[in-house]
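Relying on the hints, combine the two individually framed chains into one complex.
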Amino acid sequence: EADIYQTPRYLVIGTGKKITLECSQTMGHDKMYWYQQDPGMELHLIHYSYGVNSTEKGDLSSESTVSRIRTEHFPLTLESARPSHTSQYLCASSEPDRGRETQYFGPGTRLLVL
Amino acid sequence: SQKIEQNSEALNIQEGKTATLTCNYTNYSPAYLQWYRQDPGRGPVFLLLIRENEKEKRKERLKVTFDTTLKQSLFHITASQPADSATYLCALEEDFQKLVFGTGTRLLVSP
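Chains A and B, in that order, are what the protein sequence lines are.
Under the working numbering, the first residue of the first sequence is numbered 591, with each subsequent residue one higher.
Under the working numbering, the first residue of the second sequence is numbered 5, with each subsequent residue one higher.
None of these hints come from the bench; they were simulated from the model.
Accuracy of the hints is not assured; some may be wrong.
To be verified - Calculated pairs, SDA-like style, for lysine to any residue (alpha carbon to alpha carbon, straight line, at most 25 Å):
hint	chain 1	residue 1	chain 2	residue 2
1	B	LYS67	B	PRO115
2	A	LYS621	A	LEU701
3	B	LYS21	B	ILE54
4	A	LYS647	B	VAL49
5	B	LYS67	A	GLU691
6	A	LYS621	B	VAL49
7	A	LYS621	B	LYS59
8	B	LYS102	A	ASP620
9	B	LYS63	A	GLU691
10	B	LYS59	A	THR692
11	B	LYS63	B	PRO115
12	B	LYS7	A	GLU646
13	B	LYS7	A	GLY648
Note that the structure is a prediction, hence the values are computed from the model and not measured.
If we strip away everything but chain B, and leave its shape as in the complex, we get (with noise of 0.2 Å):
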C-alpha cells in the first residue's frame, strides 16, 4: 500500500539554527510533492511544491529537495525563528487532484 512517512517526534532546535525534516514514501511515483504548515487548531497552509524534474525549490528561508530515487524529501528551514513552530506535513498527490498527507512533524524553536 501507498504511504508517506515523516518524524513523529517533536525536532526541538535553537533560534537561528537550521530545521531539517524529512518525508519519506513508498509504492508513489507523485509528479510532484508538496509542503504546508500547521498551526494547532488551523487548517494547514501551503507553502512549497516540487516537480519530479526539480531538485530543489527555495523560497525566502525555506528549501525543499526532492529524490526521485531514494523517495525522498527534505525540507529546511534556515536561520529559524521561534515563530516557525509549528507542524509541517508533506504531501503527495494520489489521484487527479486528490492529495495523501503525512501525519506531520512537530518543530519547537526555542529563544
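Chain A extracted, bound-state conformation (with noise of 0.2 Å):
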C-alpha cells in the first residue's frame, strides 16, 4: 500500500469557486507529478516537480497551478473552477533514482464543477 493520500476524494462545487485539491506522501519522493483521467481514457499528466521549489507544466494544458514549498506536499489549484475542469485528478509519487522508476498513486479526487 503506497504511503500518498489525496484530499478531498470526492468534491462538487459550483462554476467559479477556488478550490485546491491536497496531496501528500510520507515515503520521502523527490519527484511527485499531478494527473487528469477521464472516465474509460488515458491519463495526462498536468504538472510534475522534481524537488522543492520545482514545477513543471505536464503535456496536457492546464488551467490549474501548483506549488512544491515541502517535499512531502504538492497541492493543486484552481482559482475560478468551470464545468470543464470536472474529471478525476490523481497525484503521484516516484523514488528518486535512476533504475527505480515505479510510480505510486494516490486515490485521486473526484471533481465536480456544477
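Below you can see the structure in the form of C-alpha cells.
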C-alpha cells in the first residue's frame, strides 16, 4: 500500500469557486506528479515536480497551478473552477533514483463542477 | 508523434484461463516498460517493470514480455480469477521519470 494521500476524495462545487486539491506522501520521494483522467480515457500529465521549489507543466495544458514548498506536499489549485474542469485528478510520486522509476498513485480526487 | 496502443475493447475470459493483453508503441525507444492495474475510481497500482535488455519478467501469476524489435509488450495473467478483473495500463518513459500511459485494456474474468 503506497503512502500517498489525496483529499478530498470527492468534491462538488459551483462554477467560479477556487479549489485546492491536496496531495501528500510520506515516502520521501522527490518527484511528484499530477494527472487528469476522464472516464475510460488515458492519464494525462498536467504538472510535475522534481523537488522543493521545482514545478513544471505537463503535456496536457491545464488552467490549474501547483506549488512545492515541502517535499511531502504537492497541492493543486484551480483559481476559478469551470464545468470543463470536471474530471478525476490523480497524484503520484516516484523514487529519486534512476533505475527505480515506478510511480505510486494516490486514490484520486473526483471533481464535479456545476 | 509518440503513441501507445492498447486494445480498447474489453477482454472477457473464463476463470482459470490465461489472459493476454497487448501494448504496442510507435516512435519510442524506451529503456523500460511498466504495467499497472487500475480499479474503478482508484489510482493505478504498479505491477511489473521490464527493461529493454530483458525478454521476460515474472511475478507470481503475472508474466510480461518485451520485444523491442516488434515494439510490443505482452502481459499475461495465468490461472485468472474474478479478482483479476480491472483495467491494465502499460506505460513508457517519455522523459526522465515522466511516464506516458496507454488507455488501458479492461479485463473481465467470469466465474
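Out of the numbered hints, which ones does the structure contradict?
-> As far as the earlier hints go, only 7 is violated by this structure.
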